[in-house]
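A.B. asks: Please arrange chain B on chain A, whose structure you already have, making use of the hints.
Given next are the chains, with one letter for each unit.
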Amino acid sequence: MSGLLDAYAKAAGEDTISHLRQLASTLNGMKVVHVNSTREGGGVAEILCRLVPLQQELGFDARWEVITGGKEFYQCTKSFHNALQGNPVVVPERLLKEFEKTNRENADRMKDALEDADAVFIHDPQPAPLIKYFPNRKGKWIWRCHIDASQPYRPVWNYLRKFVAQYDASVFSLAEFSQSLPHPQYLILPSIDPLSEKNMDIPDEEVDHVAATFGLDRSRPLAVQISRFDRFKDPTGVIRAYRLAKKFSPGLQLVLAGGGATDDPEGSTVLKEVQEAAGGDGDVHVLLLPADAHRTINALQRAADIVVQKSIREGFGLTVTEGLWKGKPVIGGNTGGIKIQVIDHHTGFLVSTPEGAAMRMRYLLLNRERREDMGREARDYVRRNFLLTRQLREHLTLMVGLHHGSEDRIGMG
Amino acid sequence: MPFAVKDCALAAIATGVRAHNLRELRDRLMTVHPGSIYYHFWGGLLRAAFENREYMNDFADWSRKAHGLHDEALAERLSVIDPTDFEDLEELRQQLVEVTSERLEESEKLRLLHADRPFMFIRSQIVIFDTYVTIEHPSQLPMTAPMMTPSSFFFHFVDARRRTKDRMDDFREWLMEFGDEFRSLIDRLAGLDPYFVPLVELKEKIADIFTGYFAGETV
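Chains as they are written, first to last, in our numbering: chain A, 297 to 709; chain B, -4 to 214.
If you're looking for bench data, these hints aren't it; they were derived computationally from the structure. Possibly wrong hints are sitting among the right ones.
[As the list claims (entries may be wrong)] Here are some of the chain B residues that sit facing chain A, going by a computed Cβ distance under 10 Å:
1. L108
2. R112
3. P113
4. M115
Quick caveat: nothing in here was measured; it's all calculated off a predicted structure. Even for Gly, the Cβ is constructed at its ideal location relative to N, Cα and C.
Just chain B, with the same shape it has in the complex:
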């Protein structure tokens, strides 16, 4: 099957739900729209950024910030949560509730602390576009990748981890259809952590992997 290149955009929707302290964050996490969990884990990658992300999701980011909870321990524990470890957004939600509840029990200061700026829960709708570009064979990847948009890489490399059966990116899933022929390329893609770098940089890194592989570079 050829690889159909898609593109996407997120429509952000305010839920009106806000958390001013850790207890509220935990309580709101229990009930907030699942699309909000998605947005705060992945949506940040589609927002404009000048620097690499320090924390991998908005919950961790707010926990760390001076105008948020200013709590490094919580930020670190939230940051290490890998959303692909969970079957679905409900399981991911449970983990967030666990981590925030645990920290709430540990820290008396956090039970009293009121953030300067509340955490605003946002959810999103993802709109998927057809680019009308298809890749017939993996050898075309080095030529096609530089022409794809950063948001296209978001769709195929990040969003894919939520919707594919084995929680992997679309490129690897497609390459696996060719048996073991592209095993080493699959392994190189598996070694790329998508959560820390801006999408423009992620695109460059993936394009470099494709180019390097087909130019016969060894890792």
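One chain only, chain A, in its complex shape:
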């Protein structure tokens, strides 16, 4: 067994690796290409930077391509993102033209990589129109939606649907995100990589060092939300919850930390809003971290007593999985994929308002033993359900499934 697969076998079990090998052997070294819109920042890039090497290790000719565009392209795709999550956004014709032009240019650039690929995974709306420029494509094309598309703004979805409908299959994180489409819609939950810098075990001294770097007092309680500065993550709601909880736990500190993503033009505006909401409170730490600050994030999550992800819309919420993996109960917004991960009284609490988040903070800060019990359950829950190997197995199952048509039972080995 290779070093990488050997390491995963230790984390996820030998049987999991055996499943991957059996699936891979029937797909026989296929050429697989993933396309998304950023190499750094955000959950999709994080998944791909671990998934692709693992696919290579299993004998696939796996590649990762990134679509590039100008300012107007990203303005347009950010509008799509907001609209798919339910905001009524009118996208000007000018931006739509730029969107399609950018995809055409990227299609020319990626022609050699995509035309003869056996399987092409296109992630999210940004590269969705690429398929239009490959009428002679050889393989199966799959559109992977990472966004909470449960109630999309219809005019924008109808525009994107004309591209998505051309794919051989799509993948959504939850059934409630699925749409009316003329192809199979697979349901695959995202995952974290237990061996990555963001999730691997690190020494306590490193956690202490990172905490000290940011002026955090480890003798006092700490709540941490890690996410991009995006209104859907409700960072100002978290500050409100912190203030309500601090009345009962005066030592409470809050960290709101995130990096920028190259495909998110709104990040700096939201960061300013958050800094204003913090209002000079010395116990609120708003941190803009570099895209590669994985170990720092790892340390901050480990330093936390409570991890918060109070999103009002969320495709899945990998930061929830990360927090659970580190044995922390998570207070999460009752939305999208957070609902699958945060199980009330087991792995944390689901909340709908800042007031709800404050109440749960107070409860958890008061009950250390309960917090630790929930943390143990949380880690085990992730181990059983949300590790990279499970996601890869489902990707490979999808590929096998597409090659077997609509058969209900597929035998390996």
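C.D. replies: Positioned in the frame of chain A, the structure of chain B alone reads:
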């Protein structure tokens, strides 16, 4: 014949079909892909769970939940349906349609009620893996069972009831090849209801039965 230990995984596929009320549930049940009936009866066992299942299938569960139909009577009647009583998924589908139609006629409130969250019909493809482990003789079962995965028990103890001739699990079917020699072990396995407990617990219970039997324990 040796017993070939298999393992499995389900690939879940959204059908795009949803039901917002009881009438829609009944109507969608008439036409939905048969794989969806399979998934909502058995697939739940392969999903992560913290607690024992209160109802034995997703239709009953949604009927009971506050964000679903919030109707205990329907949930209880759906829950008692044993899928192994039916020749195939089409017969099982008919029974579901019967029960939902009957309740629709009984309850005016349910004819009007609109659920907060719709029932999402999902279907599945089951992928079967070889573990390359074989059991030559039943006396090896106590040693092998603890090394099998929970999903392997799903395949041999739950899924088997859909595909074997007599709607029984693979262990019993295999043990019967030895005549009456393992009759009491077969009876103990027959007494284990697989639908209420998480797979991890089911695995432990089956492993305990094997260990207990070969250690000479009496029931």
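A.B. asks: Please go over all the hints and tell whether each is borne out by the structure.
C.D. replies: Here's how the hints hold up against the structure:
| no. | hint | in the structure |
| --- | --- | --- |
| 1 | L108 | 20 Å, violated |
| 2 | R112 | 8 Å, holds |
| 3 | P113 | 8 Å, holds |
| 4 | M115 | 4 Å, holds |
Hint compliance for this structure: hint 1 is the single one not met.
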